[in-house]
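Following the hints, complete the assembly by docking chains A and V with the ligands onto the known chain S.
Okay, here's what each chain looks like letter by letter:
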Amino acid sequence: MADNDVLTADALTLEQHWALPDRGKVGIIFLIITETALFSIFVAAYLVYIGKSLVGPYPKDVLDVPILATICLLSSSLTVYLAEHALSKNELGRFKFWWIVTICLGLEFLVATGLEWKKLIYEDHLTISTNLFGSTFYPLVGLHASHVTVGMIFLLIVLAVTLMGFPIQTQFRRVLFLSWYWHFVDAVWVVVFTVVYIIGR
Amino acid sequence: MLKHALIAFLQTNVPGLPEHRVANIFKPLASPGASEKEIALLTFAITGAIFVVVAGLIVYTMWRFRRKAGDDEHQEPPQVYGSNQIEIAWTVIPILIVFVLIGVSARVIASVENASPPPATAKVTLVGHQWWWEVDYPQFNVRTANEIHVPVSRNGNHATYLTLESVDVIHSFWAPQLAGKMDLIPNRQNFTWIDPSEPGVYFGNCAEYCGTQHANMLLRVIAQEPDDFKSWAVTEAKPAVDDPSVASGKAMYQSLSCVNCHTIRGTSSIGQFGPDLTHLMSRQTIGAGMLTNTPEHLRAWVNDPQVIKPGCLMPSMNLTDRELNQVVGYLETLR
Amino acid sequence: MASIDYPLEYPREDKAYSFSETLYSWVATVDHKRLGLMYVVSALLFLVIAGAMAVVIRLQLMFPESHVVAPDTFNRLFTMHGTTMVFLVGMPMVAGFSNYLVPLMIGARDMAFPRMNAFGFWIFLFGGLLLYFSYIGGGGLGGAGSAPDVGWFAYAPLTSKAFSRGAATDYWALGILVSGVGSIASAINVIATTVSLRCPGMTLSKMPIFVWVMLVDSWLILIVLPPLNAAQIMLLMDRHLGSNFFETQAGGSAVLWQHFFWIFGHPEVYVLIFPAFAILSEVIPVFSRKPIFGRAAMVGAVVAIGFISLGVWAHHMFAVGMTAWSNTFFAAASMLVGVPTGIKIFNWTATMYGGRIRYSTAMMYCCAFLLHFLVAGLTGIMLAVAPFDWQLHDSYFVVAHFHYTLIGGLVFGLMAGMYYWFPKVSGKLLSESLGKWNFWLFVIGFNMTFFTLHFAGFLGMPRRIYTYAPDRGWDTINFIASVGALVQAVAVACFAWNVLYSLKKGEPAGDDPWDGWTLEWATTSPPPEYNFERLPVVRSSRPLWDLKHPQDPDWKYE
Ligand code: HEA
Ligand code: HEA
Ligand code: CUA
Ligand SMILES: [Cu+2]
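Just so you know, the protein sequences line up as chains S, A and V, in that order.
Under our numbering, think of the first position of the first sequence as 1, with each following residue one higher.
Under our numbering, think of the first position of the second sequence as 202, with each following residue one higher.
Under our numbering, think of the first position of the third sequence as 537, with each following residue one higher.
Any given hint might turn out to be false.
Stated by the list, open to error - Capping the alpha-carbon separation at 30 Å, the derived lysine-lysine pairs in BS3-like fashion look like this:
id, chain 1, residue 1, chain 2, residue 2
1, V, K742, V, K1084
2, V, K697, A, K269
3, V, K697, S, K118
4, V, K1040, S, K25
5, S, K25, S, K96
6, S, K60, S, K119
7, V, K1041, V, K1092
8, A, K228, A, K238
9, S, K119, S, K52
10, V, K742, V, K1092
11, V, K972, A, K269
12, S, K52, S, K118
13, S, K25, S, K118
14, S, K52, V, K697
15, V, K972, V, K1041
Treat the hints as calculated values from the structure; they're not laboratory data.
For reference, chain S alone in the conformation it holds in the complex:
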C-alpha cells in the first residue's frame, strides 16, 4: 500500500549501495584515542615535575638512553606490518617468520626495561617514593611497559594458535587490529622516550 511504498521506495538500490565502516575498526580506533588521553596525563605529570625533585638521584645522574631497546621496539612496528602484509597475501610462512621476529623484538624491549629498573632500584636506590623523579618515572614508563606486555600476550596467543594449525588468515581483521595496537604502543614510546630521556635529562 501507499505508506509502505514511501518508506521502502528504491529501498533495494539504497540497501545495495549502503556500506558503513567496520565496527571493529571503529572500536579499536576509539580505544586507541582514549588510551592516548590516559597517557597524555601521565606525560603531563612528568613534564610538570621535571627538575622539581627535592633530593637526588636526578635523571641526568642515573638515566642512560636505551638506544638498543628503542631501535628494537620501533623496528618491531615494521616487522609486524610485514607480517600482517604477508597474511593479507595469504603467505603463512612469511607471516609466521615476521610475527616471531616481532615477538623477539618486543621481548628484547621488555627485558631491557627490566634491567634498567633493576639497576635504578638496586644500584642508584631510586624507588617510586624516593623523589618526584621516581614518582613520575616509574608510573609513566611502567604504564607503557604494561601496554607492551599486553600486546605481547596477544601476539603470543596469535602465534600459538597459528602454530597449532588454526587457519589464522580467517581472522585477518583481528590480526590487523592487533598490529594497529602495536603501532600505537610504539608511537607512545616515541613520546615517552623524548620526554623522559631527552627533555627530562
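Just chains A and V with the ligands now, with coordinates in the frame of chain S:
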C-alpha cells in the same frame, strides 16, 4: 554547651568597634570588595536583561502556541525547518555580549591582580592550620591566632598585605566585605591585600573544605585606627606578663603537656602545633571564633575541647578540678 | 491518535517464564534494551539513596547549631551525595538512555558489541557497590567503618594518608575508577554503533539529533574520563606505593590534582547535561508538531560545546592564585560556551514557536527545563566572571548554580524522557494526573530550596559547613531551603509511585502513543528482542512523518 556558644555569638565584647556579622558581599568596605561589587552589578544587569528577554520569549511561545480546545487532532501546523538569518542573528548577538563581558572582567582582573596596592603599613603572614588561623606580623614580631588586627585605611594609605600559606591542607581566606577569596595552599605562597575603610570587626569563614571542623574555622578581621593598631602591636610584641600571684598555676601549666603544642613567649612553653597563647586574653574569642573569650568558656574549653569542637586537634586533657582551676587561673592573666 | 498499520508489525509472543528463568535471562542478557533498563533503574535507585542523603543534609542545616548528625557524618553525607549523584546517577543515565534508544532510533538490531555492553553495566554496578561498601570497610582493617569525607572532588592533600586515614578514600578512588572503565566501554560501544550500524538511507544528516548528541557525549567521555582515571591511579599510588604526585610535604603539588580533576570535571558536567539536550530535541518537536528548528545549527552547537568545554576547566580554580592571564583566558572560554548553549535554547523555543503544543507531563518538563536551565546558565556566566567568582566561589551560590543545572536541567530533562519513552518500554502509559502532581511538587520544592540558596551565597555562607551561627543572617534562608527539600522528596516519591502503579494498572499505550516520527515508534511496545523484523529504510530525519504524510514527505525539503 549549645547555649554557651549561642550566647557567645549574640554578645559582643569589643569596646567601640561595630561588628559586621552579616557579611553581605554587596556591602563592601574595602577596595577589592568594592571593585568586585562593581563588576557584579554590571554582570547582573547584563544577565538580567538576557533573562528577561529570553524567558519572556519562551513563556510567550508556551502560551501563544498551546493547543486550544477547538483544534482538530490531525491538522498539523505548517512545517518550518529553520532560517539561516535567524540562526546567524542569535549567534552573533550573544558573541558580542560575551565580548563585552570578557573585556570588563579582564579589566577588573588586571586591576585587582596586577595593580600595585596602596603602600602597606602592616604585612601579615596568615598560616592555615586544621582548624585555626595562625597570624604573624614579622615586622612587629607579633604572633597571634584567628583574629587579624589591621589598620583602617581611610585615604587609601594603610593597606594590609597578606601572605597566605598552609601547614597541612588547603584553606581559603574569605572576609566577604573586604575581599574575595584567596586560597592558603601548602607548599605554595599566595598573596592578597585589604584596606578596610571603616573601623570594625569583619566576620569571615574558611572557604575551602579542609576536614572535620571546616565549619568552625571562623575568622575575624579587626580594623582599628592606625594608632590603636600600633599600640596593640606594641603590647602584643611583649613577652607574656609574669604575675607572681599565679606562680603555682604557671608551674602547673608547664608541668602539663600543653607546652608541647602551645607557645607562651618568655616561658619554657614553646610548642608550635597550637595557637600562641602569649596574649590569649587580648583575644575576643577562642577555638577559632567559636566561643567568646570569657572565663567560663576558657575553663570549658581547656576542660574538654572535644565537647565544644568535636574532632579538633586539641585532645581532652582530662585535668582534675584543681589542675583546671590553676591552669585557667594562669591563662586568665595572659593579657 | 493516528495509529498506522505498519509493515514492520509482527505478533507479540507472550509465554510465561518462571522466576528463576526470568532472573537468569536478565543477569545473562546482552540485549541492549534490557541493559539500558538496568542502567536506568539502578540510576533511579541511587537517586533515591543520594536524595535521601540530601534530605538529611537539609535537616541538619534547617536550624542553626542543630545536632541532627555529627560533623564527620555530615561531611560523609555530602561527599557520598555528590559522588553518587554524579557518578552513579548521571553517568548510568547517559549509558542507559543511549543503550536503549540509539539502536532503535538508527534502526539497528543491537549495539555493536553486545557482550562489551553487558561488561560495561556490571563493572559500573560493581564500582558503585565498591563505593558504598566503604560504609562497612572504610575504616580499614579493624577500624570502624566509614564512608569517604573528602568532598566529591577530593582535593589533595586532604586525601593523602596523613589527613585521611583508613580505607575510605581508597574505596572512593577505586569505586570511581572501576565504574569509569564501565563508562568508557559503553561510550566506545555507542560510537561504534552509530558509525557502523545505521539502517540503509540514514546518512549522518538524517540521523536523529538524539543520536547525534549521544555520539558527541560518548566522544567527550572518551576524552575526559581517562584524565580522571589517571589522577585516581596516581592518588592510589601516593597512598599505597609512597609516590609523591600530590604529597605537598615531598614537593608534590596540591594544585596539580585540581587541574587533573577539573580537566575531567568540567567537561563531565556537559557529559551529564547532554542526555537532557538529546531528550528535549526529540520531545519538543513531537509535542509542538513541528520538525526541530535549525537542525544543522543544533548539531553544530553540540559539537561546539563538546570542543570548547575542553578548555574551560580552571574556572573552578579562580581562587588558587593563578596569573591574571590564565584567569582571563579561562573566564573568556567559559563565557564563550554560553554562545552554542544559547543557540540550542533559542532553537528549541523556535521549534515550539508556531507549533500546536500539547502539554503532556513530558512537554511540561521540557518547558521547565528551558526556564530553569536559562537561569542556571546565566548564574554560570556570573561565576565565569572571575572577579565576581572570587566572592562566589565555594559559597552556597555555587551550590545553587549547579543544582539549577543538574536538577532544573538534567533531572527535569530525564523526567521528560521517562514520561515520553515509558510507554515504549513498558507498553503502558504513565498516569498523567500523578504526573502533574509529580511535576508541580518538584518544580515548587526545587525552587524553594535552590532559588533561596543563591542569597545564602551573597550573605557569605560557605558550602560544606555542617553548622552555622544563628546571627549570620542565614537561618531563614536555610529553613525555607530545607522545607523545599522535603517537598522535592514527596515529588520524587510521586514519580516512584507513578511508575509502579502504571506498570500494574496503567492504560495500554499502543505502539505510537505520541504520534512520533523516529524509528523507535515504528516497532511494537515493548520492542521485541530483535527490534525490527525487517530493517527499515529511511529517506529523511523523520521517517514516520514521511510514512504518515505520503503527500508531503520531509525528504522533499531536506
Ligand atoms: C549540568 C551541569 C552544568 C552545566 C551545564 C554548567 C554550565 C556552566 N557552568 Fe557550571 N558547574 C556545575 C555544573 C554545570 N555547570 C557544577 C556541578 C559545578 C560545581 C562543581 C563543584 O564545585 O562542586 C559548577 C561550577 C561552575 C563554576 C565554578 C564555580 C566555583 O566553584 O567558583 C563556574 C565558573 O565559571 C561555572 C560556569 C558555568 C558556565 C559558564 C556554564 C555554561 O555552560 C552555561 C551556558 C548557558 C547559558 C549562558 C544560558 C543560555 C544562553 C543564552 C540564553 C545565550 C545568551 C547568553 C549570553 C550571551 C551569556 N560552573
Ligand atoms: C545530579 C546531581 C544532583 C542532584 C539531583 C542533587 C539533588 C539534591 N541536592 Fe545536591 N549536590 C550535588 C549534586 C546533586 N544534588 C553535588 C555534586 C553536590 C556537591 C557535593 C560536594 O560538595 O562534595 C551537592 C551538594 C548538595 C548540597 C550542599 C552540601 C554542602 O555543601 O554542605 C546540598 C544542600 O542543600 C544539596 C541538596 C540537594 C537536594 C535537597 C537535592 C534534592 O533535589 C533531592 C531530591 C530527591 C530525593 C529527596 C530522593 C527521593 C527520596 C525518596 C522518595 C525517599 C524518601 C526519603 C526521604 C524523605 C528522606 N546537595
Ligand atoms: Cu580551613 Cu576550611
Ligand atoms: Cu565548570
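ask   = For the pair supplied as a hint, K52(S) and K697(V), is the alpha-carbon distance within the 30 Å limit?
value = Measuring from Cα to Cα gives roughly 22 Å; hence the hint holds.
query = Does the alpha-carbon distance linking K1041(V) and K1092(V) stay inside the 30 Å limit?
reply = Given pair K1041(V), K1092(V) is violated - Cα atoms ~43 Å apart, limit 30 Å.
Distance restraint between K25(S) and K96(S), which requires alpha-carbon spacing of 30 Å or less = Holds, because 23 Å separates the two Cα atoms, which is no more than 30 Å.
inquiry  = What's the verdict on K697(V) and K269(A), does the C-alpha distance respect the 30 Å limit or exceed it?
reply    = violated, 65 Å
query = Are the Cα atoms of K972(V) and K269(A) separated by 30 Å or less?
reply = Measuring from Cα to Cα gives roughly 19 Å; hence the hint holds.
ask   = Keeping to a limit of 30 Å between CA atoms, is the pair of K60(S) and K119(S) held or broken?
value = At roughly 15 Å apart (the allowed maximum being 30 Å), K119(S) and K60(S) satisfy the hint.
request  = Mind checking the alpha carbons of K1040(V) and K25(S) for me, to see if they're no more than 30 Å apart?
outcome  = violated, 44 Å
ask   = Within a Cα-Cα threshold of 30 Å, do K25(S) and K118(S) meet the stated pairing?
value = violated, 39 Å
message = Given the hinted pair K697(V) and K118(S), is their Cα-Cα distance within 30 Å?
response = holds, 28 Å
message = Run the distance test for K52(S) versus K118(S): straight-line Cα separation, threshold 30 Å.
response = Cα-Cα ~24 Å, so holds.
query = When you check the alpha-carbon spacing of K742(V) and K1092(V), does it fall within 30 Å?
reply = holds, 13 Å
query = Holds or violated: are the alpha carbons of K742(V) and K1084(V) at most 30 Å from each other?
reply = At roughly 17 Å apart (the allowed maximum being 30 Å), K1084(V) and K742(V) satisfy the hint.
Comparing the model with each earlier hint shows violations of hints 2, 4, 7 and 13; every other hint is respected.
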